[in-house]
Amino acid sequence: MTDKKTMIVFSGDLDKVMASFIIANGAAAMGNEVTMFFTFWGLNALRKAKKVKVKKDFMEKMFGWMMPRGAEKLGLSKMNFGGIGAKMMKDIMKKKNVNSLPELIEMAQMMGVKIVACTMSMDVMGIKEEELIDGVEFAGVATYLGEADEANVNLFI
Amino acid sequence: MTDKKTMIVFSGDLDKVMASFIIANGAAAMGNEVTMFFTFWGLNALRKAKKVKVKKDFMEKMFGWMMPRGAEKLGLSKMNFGGIGAKMMKDIMKKKNVNSLPELIEMAQMMGVKIVACTMSMDVMGIKEEELIDGVEFAGVATYLGEADEANVNLFI
Amino acid sequence: MTDKKTMIVFSGDLDKVMASFIIANGAAAMGNEVTMFFTFWGLNALRKAKKVKVKKDFMEKMFGWMMPRGAEKLGLSKMNFGGIGAKMMKDIMKKKNVNSLPELIEMAQMMGVKIVACTMSMDVMGIKEEELIDGVEFAGVATYLGEADEANVNLFI
Chain A
1 MTDKKTMIVF
11 SGDLDKVMAS
21 FIIANGAAAM
31 GNEVTMFFTF
41 WGLNALRKAK
51 KVKVKKDFME
61 KMFGWMMPRG
71 AEKLGLSKMN
81 FGGIGAKMMK
91 DIMKKKNVNS
101 LPELIEMAQM
111 MGVKIVACTM
121 SMDVMGIKEE
131 ELIDGVEFAG
141 VATYLGEADE
151 ANVNLFI
Chain B
158 MTDKKTMIVF
168 SGDLDKVMAS
178 FIIANGAAAM
188 GNEVTMFFTF
198 WGLNALRKAK
208 KVKVKKDFME
218 KMFGWMMPRG
228 AEKLGLSKMN
238 FGGIGAKMMK
248 DIMKKKNVNS
258 LPELIEMAQM
268 MGVKIVACTM
278 SMDVMGIKEE
288 ELIDGVEFAG
298 VATYLGEADE
308 ANVNLFI
Chain C
315 MTDKKTMIVF
325 SGDLDKVMAS
335 FIIANGAAAM
345 GNEVTMFFTF
355 WGLNALRKAK
365 KVKVKKDFME
375 KMFGWMMPRG
385 AEKLGLSKMN
395 FGGIGAKMMK
405 DIMKKKNVNS
415 LPELIEMAQM
425 MGVKIVACTM
435 SMDVMGIKEE
445 ELIDGVEFAG
455 VATYLGEADE
465 ANVNLFI
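Chains as they are written, first to last, in the working numbering: chain A, 1 to 157; chain B, 158 to 314; chain C, 315 to 471.
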């Protein structure tokens, strides 16, 4: 029996990404090794807030422009209303002293949670390594499966 | 090897919440210990159908008013069409002798499935203990992680 | 410790179904036994592209007509824009030499991934055995739970 946890973060919705970090940070605080594997829409949570100059083809540029640039820009999975819902949710959380998503990510990194970006999804969505926040690792599905084999809790979010 | 199962029910969609109870009740019927941890939108499935008088601030009232009040009011994750889809789905299920969500919840409670509401989400969404159905327990992420560590199947729904 | 993996594929979104097959095929390639349990919207991924003549009542016909008929017709979970998003995603994936969903399904079957359709969902949605692609098995929640008990990674997608 190991004390390892893995999560695939497929969703790029603010509420789901926050849930994944709350679980990850809780597990890390309890002494568990945690690996979060970001794939597809989930990659948006790891984008740097500032535009990074990289070479992209037309489709990659369009994707990059249409998708939310980083943790501050994610919307809710329900009742987002063009961002108003996400804004309200963030205001409420601040008032209730719940950590914001950027804070949760920083805490995760400080506690040693391994944050991995799926290279295949990055290729498909035209996201380059320089565009993601510092400290992110890069790997594919085989790495995920190897880690999941060693873990006792594996979630798909 | 234990015979315990846990589920995080993050979704408040009728179809997904039903799936979670069908799995939970199946596992309970096979003699498994089951804990369902309701968080975020999933909490709506546990709300009492009738309005309960509690003190709420403006934002909490607004949330309470916008979100579905209980298992009877949930919508489908797809093809809901303002509730018509959910109504149709419920009619079909009745005709096919599939238990309704309120029935599934009652069965789960009778079989000893542990239904836990996430206190942090309750705080954020302004949901009070009295507003949730009887028999629900209250706990945070550490409790979830403790239970998940003992289980051999852990799902995020 | 076993080397078995199970997935419940509840979603019928192109991106999520592709993710499930990429994980399944990766695990199978590493020598794991893999069972995918398709339920609810996920069943649409297993429908034959051609209409199959079967007896259906009015509601079943309507459902069959409204839901996507097979892996080629699925939409994206986000930014689908009435199918334009899915079309763009498929074009990009082709250009990047990522296998299409029909190819991923064929590979899964060749590698011995067990593809199971949930009979209870089929009944509710009025989907008949003949309407699903060849090689699919049919079972209920008890079978899923039995398989999940033997697996070391269980995901809900």
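No lab work stands behind these hints, which were simulated from the structure alone.
Yeah, the Cβ is synthetic: ideal placement off N, Cα and C, and Gly gets one too.
Incorrect hints may appear among the rest.
Claimed, not checked - Distance ranges between label pairs, derived from CB positions:
#1 58(A) - 285(B): 51 to 59 Å
#2 257(B) - 362(C): 12 to 20 Å
#3 363(C) - 61(A): 29 to 37 Å
Said to hold, decoys possible - Simulated pairs of lysine-lysine, DSSO-like, Cα-Cα distance not exceeding 30 Å:
#4 367(C) - 53(A)
#5 367(C) - 48(A)
#6 56(A) - 428(C)
#7 61(A) - 409(C)
#8 235(B) - 408(C)
#9 370(C) - 55(A)
#10 428(C) - 253(B)
#11 244(B) - 428(C)
#12 218(B) - 96(A)
#13 230(B) - 95(A)
#14 410(C) - 230(B)
#15 96(A) - 212(B)
#16 94(A) - 208(B)
#17 53(A) - 428(C)
#18 87(A) - 392(C)
#19 410(C) - 55(A)
#20 401(C) - 235(B)
#21 4(A) - 161(B)
#22 370(C) - 247(B)
#23 73(A) - 218(B)
#24 247(B) - 410(C)
#25 409(C) - 50(A)
#26 90(A) - 212(B)
#27 230(B) - 375(C)
#28 90(A) - 251(B)
#29 392(C) - 230(B)
#30 235(B) - 392(C)
#31 244(B) - 95(A)
#32 78(A) - 208(B)
#33 271(B) - 78(A)
#34 365(C) - 128(A)
#35 90(A) - 218(B)
#36 367(C) - 235(B)
#37 408(C) - 48(A)
#38 95(A) - 247(B)
#39 73(A) - 409(C)
#40 78(A) - 428(C)
Worksheet item: Is the hinted pair residue 244(B) and residue 428(C) satisfied, with a Cα-Cα distance of at most 30 Å?
Response: Judged against 30 Å, a Cα distance of about 34 Å means the pair is violated.
Discussion item. Next pair to validate is residue 392(C) with residue 230(B); report whether the Cα-Cα distance is within 30 Å.
Written reply: 24 Å, holds
Worksheet item: residue 230(B) and residue 95(A): Cα distance at most 30 Å?
Response: 29 Å, holds
Worksheet item: Is the hinted pair residue 4(A) and residue 161(B) satisfied, with a Cα-Cα distance of at most 30 Å?
Response: 18 Å, holds
Practice prompt. Quickly compare the C-alpha distance for residue 408(C) and residue 48(A) to 30 Å and report which way the hint goes.
Written response: This hinted pair holds, its Cα atoms lying about 28 Å apart.
Discussion item. Between the alpha carbons of residue 90(A) and residue 212(B), is the straight-line distance 30 Å or under?
Written reply: 22 Å, holds
Worksheet item: Are residue 53(A) and residue 428(C) close enough, with their CA atoms no more than 30 Å apart?
Response: Answer violated: residue 53(A) to residue 428(C) is near 45 Å, above 30 Å.
Worksheet item: Are residue 90(A) and residue 218(B) close enough, with their CA atoms no more than 30 Å apart?
Response: 17 Å, holds
Item to complete: Take the C-alpha atoms of residue 409(C) and residue 50(A), compute the straight-line distance between them, and say whether it is at most 30 Å.
Response: This hinted pair holds, its Cα atoms lying about 28 Å apart.
Worksheet item: Under the criterion that the straight-line Cα-Cα distance not exceed 30 Å, is the pair residue 95(A), residue 247(B) satisfied?
Response: Judged against 30 Å, a Cα distance of about 39 Å means the pair is violated.
Discussion item. What's the verdict on residue 87(A) and residue 392(C), does the C-alpha distance respect the 30 Å limit or exceed it?
Written reply: 20 Å, holds
Discussion item. Just to be careful, I want the Cα atoms of residue 61(A) and residue 409(C) compared with a cutoff of 30 Å; is the pair within it?
Written reply: It holds: about 15 Å lies between the C-alpha atoms, which stays within 30 Å.
The earlier numbered hints that this structure contradicts are 2, 4, 5, 6, 9, 11, 14, 17, 24, 28, 31, 34, 38, 40.
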